[in-house]
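K.L.:
Can you make the complete structure from the sequences, with help from the hints?
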Amino acid sequence: MFIKQFRTGGDRNFGYLVAEERSNEAMIIDPSFSPDCIVSYAREHGYVIRYAFATHDHHDHTNGNAAMERLTGVPVLMFGGVDPHTGRAVESQSCFALGQLSIVVLHTPGHTVDSICLHVGDAVFTGDTLFVGKVGGTGLGDDAEQEYKSLHETLLALPDECRVFPGHDYGVAPESTIGHERRTNPFLLQPDFASFVHLKRTWPEYKTAHGIA
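Residue numbers for the sequence shown follow this note's numbering, so the first one is 20 and each next one is one higher.
It should be emphasised that the hints constitute simulated quantities derived from the structure, not laboratory data. All C-beta atoms in this analysis are idealised placements derived from N, C-alpha and C, irrespective of residue type, glycine included. Just so you know, nobody snuck in bad clues.
Calculated cross-link-like contacts (lysine-lysine; reagent style BS3-like; alpha-carbon spacing at most 30 Å):
(1) 23 with 153
(2) 219 with 168
(3) 226 with 168
(4) 219 with 153
(5) 153 with 226
(6) 153 with 168
Beta-carbon label-pair distances, calculated as ranges:
(7) 179 with 62: 31 to 39 Å
(8) 88 with 158: 28 to 36 Å
(9) 31 with 101: 27 to 35 Å
(10) 160 with 62: 43 to 51 Å
(11) 20 with 106: 22 to 30 Å
(12) 65 with 116: 14 to 22 Å
(13) 210 with 158: 16 to 24 Å
P.N.:
What follows is the structure in structure tokens.
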């Protein structure tokens with residue numbers, strides 16, 4: 020599996036090209052501000068774009084959707100949508116074939132109600148649900164509880180060696196692993212939901228105290 024991470028613009032946004040190398044079939048994730056750059060790279064390297072996904076419906080992740088479809092004829096799929104080529108809905112645990120790989124949709128509400136992560140091979144693309152050393156922004160009520168469950172019941176159920184590719188370059192590194200986040204991410208180390216919310220409430224002070232940018 021080939022993965023290319025792109026700095027697409029905006030607020031340190033990441034977009035991705037993921038390809039199955041035997042078939043050269045590829046998908047694009049969160050093309051956002053730079054769909055032309057990602058599409059050009061794919062074509063220059065002989066990859067055939069089969070799918071495009073946006074991890075959630077925020078403008079900094081969806082503003083390139085129309086350009087992406089215009090450039091490729093491939094619609095950008097989001098949670099609740101249907102792929103016109105396969106008839107398959109984008110819902111929890113739905114699978115899309117990419118050559119010999121399977122793209123598994125993980126519904127991870129919290130940051131938004133429609134947030135998804137995409138698990139492919141030994142990698143998961145976490146959008147704004149999980150960053151390196153941080154988690155996606157929420158309020159302090161039901162949305163925070165949804166995110167807490169998404170993190171612990173869905174993402175932390177993946178193997179420790181699973182590579183994590185986030186939607187923004189907000190952490191100390193552009194990628195991580197589930198195991199590293201499990202051991203070091205302060206939000207994932209909280210013993211219960213109340214502590215998780217407390218850290219969200221006091222995050223500015225926590226960052227200052229621990230020298231986190």
